[in-house]
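Trainee: The chain contents come next:
There are 2 protein chains.
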Amino acid sequence: MEILTVGNELLIGKICNTNAQWLAQRITRLGGMVRRIVTVPDSLPDIVQALRDCLSRKPDFVLTVGGLGPTFDDMTLQGVSEALGRPLKLHREALRMVEEKVEEMKAQGILKKPWLTPEREKMATLPEGAEPLYNPEGTAPGVKLQAGETLIICLPGVPVEMKAIFDLHLEKLMAERSKLKYAERGLFVEGIPEPDFSPSIDEAMKRHPEVYVKSHPKGGEATSKIELHISAFAPTLEEAERRVEAAASWLEAEARRLGGRVERLG
Amino acid sequence: MEILTVGNELLIGKICNTNAQWLAQRITRLGGMVRRIVTVPDSLPDIVQALRDCLSRKPDFVLTVGGLGPTFDDMTLQGVSEALGRPLKLHREALRMVEEKVEEMKAQGILKKPWLTPEREKMATLPEGAEPLYNPEGTAPGVKLQAGETLIICLPGVPVEMKAIFDLHLEKLMAERSKLKYAERGLFVEGIPEPDFSPSIDEAMKRHPEVYVKSHPKGGEATSKIELHISAFAPTLEEAERRVEAAASWLEAEARRLGGRVERLG
Numbered sequence: 001m002e003i004l005t006v007g008n009e010l011l012i013g014k015i016c017n018t019n020a021q022w023l024a025q026r027i028t029r030l031g032g033m034v035r036r037i038v039t040v041p042d043s044l045p046d047i048v049q050a051l052r053d054c055l056s057r058k059p060d061f062v063l064t065v066g067g068l069g070p071t072f073d074d075m076t077l078q079g080v081s082e083a084l085g086r087p088l089k090l091h092r093e094a095l096r097m098v099e100e101k102v103e104e105m106k107a108q109g110i111l112k113k114p115w116l117t118p119e120r121e122k123m124a125t126l127p128e129g130a131e132p133l134y135n136p137e138g139t140a141p142g143v144k145l146q147a148g149e150t151l152i153i154c155l156p157g158v159p160v161e162m163k164a165i166f167d168l169h170l171e172k173l174m175a176e177r178s179k180l181k182y183a184e185r186g187l188f189v190e191g192i193p194e195p196d197f198s199p200s201i202d203e204a205m206k207r208h209p210e211v212y213v214k215s216h217p218k219g220g221e222a223t224s225k226i227e228l229h230i231s232a233f234a235p236t237l238e239e240a241e242r243r244v245e246a247a248a249s250w251l252e253a254e255a256r257r258l259g260g261r262v263e264r265l266g
Numbered sequence: 001m002e003i004l005t006v007g008n009e010l011l012i013g014k015i016c017n018t019n020a021q022w023l024a025q026r027i028t029r030l031g032g033m034v035r036r037i038v039t040v041p042d043s044l045p046d047i048v049q050a051l052r053d054c055l056s057r058k059p060d061f062v063l064t065v066g067g068l069g070p071t072f073d074d075m076t077l078q079g080v081s082e083a084l085g086r087p088l089k090l091h092r093e094a095l096r097m098v099e100e101k102v103e104e105m106k107a108q109g110i111l112k113k114p115w116l117t118p119e120r121e122k123m124a125t126l127p128e129g130a131e132p133l134y135n136p137e138g139t140a141p142g143v144k145l146q147a148g149e150t151l152i153i154c155l156p157g158v159p160v161e162m163k164a165i166f167d168l169h170l171e172k173l174m175a176e177r178s179k180l181k182y183a184e185r186g187l188f189v190e191g192i193p194e195p196d197f198s199p200s201i202d203e204a205m206k207r208h209p210e211v212y213v214k215s216h217p218k219g220g221e222a223t224s225k226i227e228l229h230i231s232a233f234a235p236t237l238e239e240a241e242r243r244v245e246a247a248a249s250w251l252e253a254e255a256r257r258l259g260g261r262v263e264r265l266g
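Chains as they are written, first to last, in the numbering used here: chain A, 1 to 266; chain D, 1 to 266.
Just so you know, these hints were derived from the structure itself, not from any lab.
As the structure is a prediction and not an experimental result, all values here were calculated from the model.
Be careful, since some hints might not be right.
The list makes no distinction among identical chains, and a pair is therefore deemed to hold if it is satisfied within one copy or across any two copies.
[To be verified] In the DMTMM-like style, the derived pairs of lysine to aspartate or glutamate whose C-alpha atoms are separated by at most 20 Å in a straight line are:
1) K206 x E184
2) K58 x D46
3) K106 x D46
4) K179 x E241
5) K14 x E263
6) K214 x E263
7) K181 x E9
8) K106 x E190
9) K214 x E9
10) K225 x E119
11) K172 x E203
All chains should be built: construct the whole structure from the sequences, respecting the hints.
Mentor: Written out as structure tokens, the structure reads:
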């Protein structure tokens, strides 16, 4: 599974990529493994190249975020069209979704000018073979299309819209397709410098090869504070929980043996 | 310029990639254009592949973040070594930097156990041809090496260390090498729905082709609140400022003409 986020605002550091973090966390908890997150500018060649690179790795899912709006610099669907060689076509169902939103906005007196047809149509113009995903929070529908082994999902970049489409259409789909379940534990160890504790981490991963342990020194080496994050995927949730618990318990005992204080993190 | 961030914690959504945002913002303000941000797991094949992909695009700089620490899952330098075909070698100057830090920690009574030689040496083992960059905030030095047209810079993932190395070694280097300067303006427009205002944005960019205008609808379409971000690179700071100011003034007037309220954003 890969995530492709599109937007100049991310590449000038105007905002942090909270969309990617939100998706990565949700997908992980649904048993999906995110292997790569890529951010490219609102530039058609960059989007096309990144999509092609991504598809060449044959992930089961690609989620794109951003670039579905009405303005000319929203070019994700054009990028998908070029990367796949599938022409853009006005999609009847997508147009119905967009029109419904426009009627709502007109009825609420929000739109002052007549809705611009080319821009309305742009949001309903999808690569051939794509299906629109109803957007409960905005006008631009999400888009879903199968390309070989990869299911491509395109989500808008406005966080409230992205999250709403994910919850409505993708949560169930991803949980169904995920063959794995995920569990995690956090430990906070104080009083042992990271270099003194890292052999224990290596040993924990040798004893529990199916578990991943990541240590994060907090506030510099001199403070001797380490946050440990212990995670595992397994075929069942029970098994994933059992794996992380076994590694966490071993590390807790080891930290105490070395004279550290340990607490569990929520 | 590309940024490669390494770390499982980013791909499970445990943390937001604030390191990438910080670097992107600093680099942009120094006149550098970040074209891509990639995140891969702590996995050697993923790091090697991402580096090779990146180098094939021949950016002037690649900044990697994370994976320089003492534990076996810190494998960025091994990744650089494999991607470039340059063997890892113990670097005398890097070892001196690491030893100095170890002596400091010993003197402060932080290290309880003897410092582990293989792990100390790991942080001082650099790809052939690399130079260490002194880390004022931690043990692992940053790393700098030229690979063809690309200068590769490797920074640790602990934010305070990454920032300190950037400030000490890279700020001046990037400013010197950047041929461009950057300026930006923010406008907040209220009372015009984004679809009604987007033709004005298109028109602004036609009138000022050297300026990039990005609109961000805030809080959903029904609120009719738009944040506009106007930015430009130019050969001099004065010229970059002149360009964004011209576009911002035009957009301000246009928003007022359409009945909106406008304010400048800090």
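Trainee: With reference to the structure, classify each hint as holding or not holding.
Mentor: Hints, verified against the model:
1. K206 x E184: within (18 Å within a copy, 51 Å between copies)
2. K58 x D46: both (19 Å within a copy, 14 Å between copies)
3. K106 x D46: For K106 and D46, the Cα distance exceeds 20 Å both inside one copy (36 Å) and across copies (49 Å).
4. K179 x E241: within (16 Å within a copy, 53 Å between copies)
5. K14 x E263: between (36 Å within a copy, 18 Å between copies)
6. K214 x E263: within (16 Å within a copy, 45 Å between copies)
7. K181 x E9: between (34 Å within a copy, 17 Å between copies)
8. K106 x E190: between (59 Å within a copy, 17 Å between copies)
9. K214 x E9: Cα proximity of K214 and E9: across copies only (8 Å, versus 30 Å in one copy).
10. K225 x E119: Answer is between; shortest inter-copy Cα gap is 19 Å, intra-copy 53 Å.
11. K172 x E203: Intra 37 Å, inter 42 Å, cutoff 20 Å: neither.
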